[in-house]
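There are 2 protein chains.
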Amino acid sequence: MTDEPAKPIRVALLGCGVVGSAVARMLVTNAADLRARVGAPVELVGIAVRRPAKDRTDLPVDPATFTTDAAELVTRADIVIEVIGGIDPARELLLSAMAHGASVITANKALLAEDGPTLYAAADAAGVDLYYEAAVAGAIPILRPIRESLAGDDVRKVLGIVNGTTNFVLDKMDTSGAGFEETVTQAQALGYAEADPTADVEGFDAAAKAAILASLAFHTRVRGADVFREGISDVTAADIAAAKAMDCVVKLLAICERTTGPDGDGINVRVHPAMIPRSHPLASVRDAYNAVFVEAQAAGQLMFYGRGAGGDPTASAVLGDLVAVARHRVAGGRGPGESAYADLPVLGIGTSTTRYHISLDVEDRPGVLAQVAQAFAAHDVSIETVRQHIPANSATGQAHANLVVVTHRATESALSATVDALAASPSVAEVVSVMRVEGA
Amino acid sequence: MTDEPAKPIRVALLGCGVVGSAVARMLVTNAADLRARVGAPVELVGIAVRRPAKDRTDLPVDPATFTTDAAELVTRADIVIEVIGGIDPARELLLSAMAHGASVITANKALLAEDGPTLYAAADAAGVDLYYEAAVAGAIPILRPIRESLAGDDVRKVLGIVNGTTNFVLDKMDTSGAGFEETVTQAQALGYAEADPTADVEGFDAAAKAAILASLAFHTRVRGADVFREGISDVTAADIAAAKAMDCVVKLLAICERTTGPDGDGINVRVHPAMIPRSHPLASVRDAYNAVFVEAQAAGQLMFYGRGAGGDPTASAVLGDLVAVARHRVAGGRGPGESAYADLPVLGIGTSTTRYHISLDVEDRPGVLAQVAQAFAAHDVSIETVRQHIPANSATGQAHANLVVVTHRATESALSATVDALAASPSVAEVVSVMRVEGA
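Sequences listed follow chains A and B, in order. Note that this note's numbering gives residue 183 to position 183 of the first sequence, counting from 1, and the numbers run on in steps of one. Here this note's numbering runs 440 ahead of the position in the second sequence, where the first position is 1.
Pulled out of the complex, with its shape left as it was, chain A reads as follows (with noise of 0.2 Å):
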């Protein structure tokens, strides 16, 4: 570095809602720090918001700041800081601000997983960054560490906890014994779910995530609509209270497997409800906190905790890119780019291997037990426990038991057709309910 005084590094920002505060706060209040750690002051040069009437004025920053005309804002900064979310307008933002040569930052997740590539390309073409830490599970560092701290090793697999909405959910099930319903709404009213909860609770924002993190990890393009999904809107009070019985809970688990098998080698990614043990570390996590776990080759296992999500925590890692950023507008070098050379296939849900946990209503007479057990190892699916319970009385006048079976690990599809073949049997009055048993 020279004596000379360092050209400021110009900073516009898309977004003024809970993070993109949070980020100018921050770019105001850490403004020295920054600067001694960059080796240039950091500028912020503009805030695009939609509503200029919006009042701020507890924002440390200049009115003449705000601006309604983000396409020009993005063609006036060295560092493009993007958090709106959603598709529209942000990816053609951001494509602007990249053609301008602008490095980018963003927290949107949803469109890294639906058109990352064209992203890359983008700051490739341009010889700019794109870093994206905050998109995926909010403080925690993540992403730096699967796509640098990792990149000498040969990741395994990550699982982790990555949305809040839906662990606040299934935890207040967990203690209240509640349903779905109304724990929702009482989210909805503390401020954890939004009026319309379907990106969180039917998996969509976790999925995007997974995407992402599988991506990074298996050097492969994954999209989000490549990732297997199933929400927790039919999680039953049932299935919680079932849970609790075998000493688990129930968490909404974000899961990128690298395969290697007689099915052929690729990665599975998917996201779905699940059993865990009551002593798995994720079982612990809590409201709006995240956990990934991530299993490498020669580094084990690894596991980050942190705030998957808030205004602070978020800009925090947004404010970490930027360092890293702006670093190397002063000193030069870039980021790592797209890597996505191993091009590994997404294998369907089918070929991912799990455990399951079936709850039967069956007719209590003998040779029942026979038959159902009987249906497992017709697709070759080994039973770990069965437990059977018969009610005192029967409300039906007629002898039922219920029976509840956890399998050892099998194939998706096995495992499926054994529930169809089960559903289908005329010893099995109902299926009750099948959730998946991971961490154990």
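Think of the hints as simulated: they come from the structure by calculation, not from any bench. Owing to the predicted nature of the structure, the values given are computational and were not obtained by experimental measurement. We put the beta carbon where it would ideally sit given N, CA and C, even for glycine. Please note: incorrect hints may appear among the correct ones.
Claimed, not checked - To spell it out: a stretch of chain A is covered by chain B in this simulated footprint if at least three of its residues, at any positions, have a beta carbon under 8 Å from a beta carbon of chain B; those stretches are: (1) 53-62; (2) 133-140; (3) 287-299.
Got chain A; can you put chain B on it based on the hints?
Just chain B now, kept in the frame of chain A:
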């Protein structure tokens, strides 16, 4: 990147012990992936060893790769990986490597804590990289998150279990009830402790790691010698039992704290055994696993967990650094250099605040509790709980009682003056044990 075949990156490896041979093996077996991730072939041009006669046929490398001339080897490499440890000759070799234009990757915590600034200055003068993720907490990506991911945030505290040997010993003392000496002997037999366990059990290893963590977290030069250090050799079976009675475990903690108080702005860096509640996430860290908590202004609490030692886990960290450094060779740019601009004073242990668990053998007569309480009050130390236990049969014939006092948070100087006053008090027969309490 161009279509021309990229020039190979020449890697020299210093040391071929547990970590070195894991690095060599990964360099060979992961060669195709490394080439794709770096953008050029990575070629192991030499391994410096002390004992060339040793059988290393299990390693998939050409025997001609081995050399005893480390000084010559470092002059013909683009990247030098040092895993021999200790101050000399590691320092001279790394300085020579950098003077000859090589970037350096080292796992040498002792050297970094002793003389990091000299290494950084040499890297800066030569325009090369200095990376050392493997020096702290093995496979856990902790340095890169602190120096890069949290670069825009304000780290307030780092608290971790960073030494596997002491963790194994304390863990075994907790489960077996055995004493320190006996457990160390057992750990040596199992390969968890070295023949001379001083560096581990007296906290030197953890202090070096604490110095590195504090330097990065607080942008201030901290040497191993600046770290307050208390090992575990004075931890008795009685201390462990006292911790159990409080539903706590004893762990050797490395603590780095940013303080802003009446005693001034500065940092506190210390390594000592402490009780932590059994419910605290660090309490369940077993054997050779490490875990590090980081608290930052905006990010909040983060935790990182994984294998803290061992050949493969440490090699994973080394190879991650290798990919980063090699990418710079191929695509330009340099990693972060030394950041010591904050230059905060390293405060003495007296100003740090903690809680104490004090077990006293006192006379069993009226007024004693009041005198003990007065000793605390006189030094402004607030008492949280007092428990008194009168043994059924006093061996001395005189009436004695055991008094356990747990304090609120106070400065070390006030706490230690209190303990001195208690030891001098005629009502106190013996100060049985004093232990810090953290994480509550």
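Hint by hint, here is what the structure shows:
1. 53-62: violated (count 0)
2. 133-140: Since three or more residues must qualify, the claim that chain B covers the region 133-140 of chain A holds, with 3 doing so at under 8 Å.
3. 287-299: It holds, with 4 qualifying residues against the three required.
In this structure, only the earlier hint numbered 1 is contradicted, and the remaining ones agree with it.
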